[in-house]
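**Q** The sequence shown begins at -10 in the working numbering and counts up one residue at a time.
Heads up, simulated DSSO-like pairs for lysine-lysine below, C-alpha to C-alpha not over 27 Å straight-line:
{"hint": "1", "residue 1": "K38", "residue 2": "K18"}
{"hint": "2", "residue 1": "K38", "residue 2": "K66"}
{"hint": "3", "residue 1": "K(-7)", "residue 2": "K18"}
Simulated from the structure, these hints should not be mistaken for lab results.
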Amino acid sequence: MSIKPDWNEVAIRIGDGLSHDDLHSEWSKECEQWLESTASNFGSGYRTKESPNFSIMSNESDRYIQVFVGFLERILKRILSTLDGIASDEGFGKHVAMIFQDIDHYYEYVGLYFPDEGEFGLSSGMYINEGYGHFVFPSQDIDIAEPIAVHELTHACLAHLPIPLWLNEGMAVLMEDVLAGNRLFLDKEMVARHQGYWNAETIQEFWSGESFHAIDEGQELSYNLAHVLARNISQNFTAFAQFANNASYGDAGEEAAQKYLGLSLVQIVGSFLGEGNWKPDGRLNVVHSIDNKGFFE
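Please work from the sequences and hints to get the whole structure.
**A** Okay, here's the thing in structure tokens:
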């Protein structure tokens, strides 16, 4: 089996005429074959580990994998509980995580899903929402890996929603804050950096999602701004859940914001950045604009 299978072909072969349990079983078998092929491709002690909800491929120590998969099982329940009515664990087959000790192996693998051209910022992990959605990490100390895992698993639990990237990333960093103690960093210097960076042009890259893959400070500021906005608009969780379930990447969530939050995106951003030309102009990041596919860091 290829390390990047044709999942459309797999879906046709499995079909949809089986029971829910049988579909889950068949997709889990395909997943197991895929991970075994990937482990064989990279060699160097890569192997697979199963738990009730996860399939892990890694060449880390047995102890590391045991601790990490236990954390994933616990945090999945907490994400679904904290984002009740927004996050979902529906679908067939287990969640998949790949951990690469060799950073070159990590970038070799994720390069299969990146555009052939362009520059991208450094990555500490990502959720790849293409084919069989899965998340991928370079090897890191467990204390560093855990908040990143919260972030990427949140993406996995939001994969069913065609939401704009800023909202997807906003909820992911918010879960890092709430569940892993990775608190929002916002001092006077950071506020000044935001005010100096965002303008009528750069805000469009935020709405489209492009700035989250920038190679300059725009990437850091995008995650920080998404964190601020998600924290602010989630204070009324009922309204926030309605917004999240109806927001569309096509207009950056503008229509849903006005309908369910009673605020425009200009007002939402303006409450932090002050007055400005913050209205989204409708441009899209093509990486995330087709069937909500793409990679989420």
